[in-house]
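First to last, the sequence lines map onto chains Y and W.
Position one of the first sequence corresponds to residue 1 (the numbering used here), numbered consecutively onward.
Position one of the second sequence corresponds to residue 1001 (the numbering used here), numbered consecutively onward.
There may be inaccurate statements among the hints.
In silico EDC-like links for lysine to aspartate or glutamate, alpha-carbon gap of 20 Å or less [what the hints assert, rightly or not]:
#, chain 1, residue 1, chain 2, residue 2
1, Y, K36, W, D1132
2, Y, K39, W, E1020
3, W, K1030, W, E1020
4, W, K1040, W, D1099
5, Y, K36, W, E1020
Chain Y side only, calculated, beta carbon under 10 Å to chain W, not exhaustive [what the hints assert, rightly or not]:
#, residue
6, I3
7, A12
8, R13
9, R14
10, R17
11, T20
12, N31
13, L32
14, V34
15, L35
16, A42
17, I43
Source of the hints: derived by calculation from the structure; they are not laboratory data.
All values derive from a computational prediction rather than experimental measurement.
Beta carbons are placed, not taken as given, at the ideal position from N, Cα and C, and that holds for glycine.
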Amino acid sequence: MPIVVNVDVMLARRKMRSNTLAELVGITAQNLSVLKTGKAKAIRFSTLERLCEVLECEPGDLLAYEKELNSDEETSEDK
Amino acid sequence: MYYQVRKEIGLKGGFKMQPENEARLARIKKLSGILRGICKVFLVFCVIGFLAQTRSLAFSRCQTSGVVHCAYWVGFNGVEFNVSEVYGVTNRDLVTDSDRVVFGFIFALGFGAMFNCGYQLHGLLGKYSRGDVFTTESAGQIRKWGIACVLLGVFDLGLTLTPHLIANVHNGQSGGGLSLMGIGLVIMAISWIMEMAAEMREEQDLVI
């Protein structure tokens, strides 16, 4: 999936545990795990707001876009 | 993908639920387990009935009426169970071996359909007893059960019409084949709607 969730990076920076973050944000540990592994279909603005508040960061610190390269594009770049 | 996510993060039985819903799920699991046991007994009786019927068709030459009656007469001395009025076929009607083969073939298909119906229901109750109540998999299993009910209705209708294929038919009563087919189609329609609803719910579960 092109959208990458960098919650792990921010957790490491803030030296916080996943369970603590989940409790402070108000979501279950399972849901946080789904978010961290990139399996979530969508995220609510309210959840994103709480994450930014707790981790003291911007939405851009948590979410990134990485374009998926096709095999044809890779071969054309090599040429 | 929903089940892949559940497996990867080690969840069993779905995402975290409210305590009252946990209690409801426990009751569903318990009841499904009991009904599954009853289904197993039904399946065993299906097999016994099929074997007894096959034996009767193949070997019995009793003078009294009723194909299945002969099976009971062989197995249970003194038990009078006259089913000639139900199926309309007696051993006097089955005068040739080809008649027996035709009737036996259709009866075997009927028993097979009945067994399949019980087996699919057994599978559905198995999913419920494991906690997969409102999921795409259980909806798919309901659809399979619906198809089995339709097939059972078809073969039940065939069994009703079979006496007319065989000479010297005395009785012929209608069975419940059409109603069974109708019930099966309704079950399939419900499963289709349930599957869509389960997919929407699973997608919603993955919205954080």
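Right, here's what the structure says about each hint:
1. The suggested pairing of K36 of chain Y with D1132 of chain W is violated, with an alpha-carbon distance near 25 Å, which exceeds 20 Å.
2. At roughly 28 Å between alpha-carbon atoms, K39 of chain Y and E1020 of chain W are farther apart than 20 Å, so this suggested pair is violated.
3. A C-alpha spacing of about 15 Å is found between K1030 of chain W and E1020 of chain W, which places the hinted pair at or below 20 Å, so the restraint holds.
4. For the suggested pair K1040 of chain W and D1099 of chain W, the alpha carbons sit about 33 Å apart, so the restraint of at most 20 Å is broken.
5. Proximity of K36 of chain Y to E1020 of chain W is assessed by CA-CA distance (about 29 Å); at most 20 Å being required, the pair is judged violated.
6. Interface hint at I3 of chain Y: violated, since its Cβ lies 13 Å from the closest Cβ of chain W, which is beyond the 10 Å cut-off.
7. Using the Cβ-Cβ criterion of 10 Å, the hint placing A12 of chain Y at the interface with chain W is not satisfied: the shortest such distance is roughly 20 Å.
8. With a least beta-carbon distance of about 21 Å to chain W, the hint placing R13 of chain Y at the interface is violated under the 10 Å criterion.
9. Here the hint on R14 of chain Y is broken, as its CB sits about 19 Å from the closest CB of chain W, past 10 Å.
10. Taking 10 Å as the C-beta contact cut-off toward chain W, the hint placing R17 of chain Y at the interface is violated, the least distance being around 16 Å.
11. Against a cut-off of 10 Å between C-beta atoms, the interface hint on T20 of chain Y is violated, since the closest Cβ of chain W lies about 17 Å away.
12. Interface restraint check: N31 of chain Y against chain W, minimum CB-CB distance 5 Å, threshold 10 Å, status holds.
13. A cut of 10 Å between beta carbons decides the hint on L32 of chain Y: the least distance to chain W is about 8 Å, and the hint holds.
14. Proximity of V34 of chain Y to chain W holds as hinted, the smallest CB-CB distance being about 6 Å (cut-off 10 Å).
15. Annotation: interface hint on L35 of chain Y holds; nearest CB of chain W at approximately 5 Å, less than 10 Å.
16. Proximity of A42 of chain Y to chain W holds as hinted, the smallest CB-CB distance being about 4 Å (cut-off 10 Å).
17. Checking I43 of chain Y against chain W by beta carbon gives a least distance of about 5 Å; that is within 10 Å, so the hint holds.
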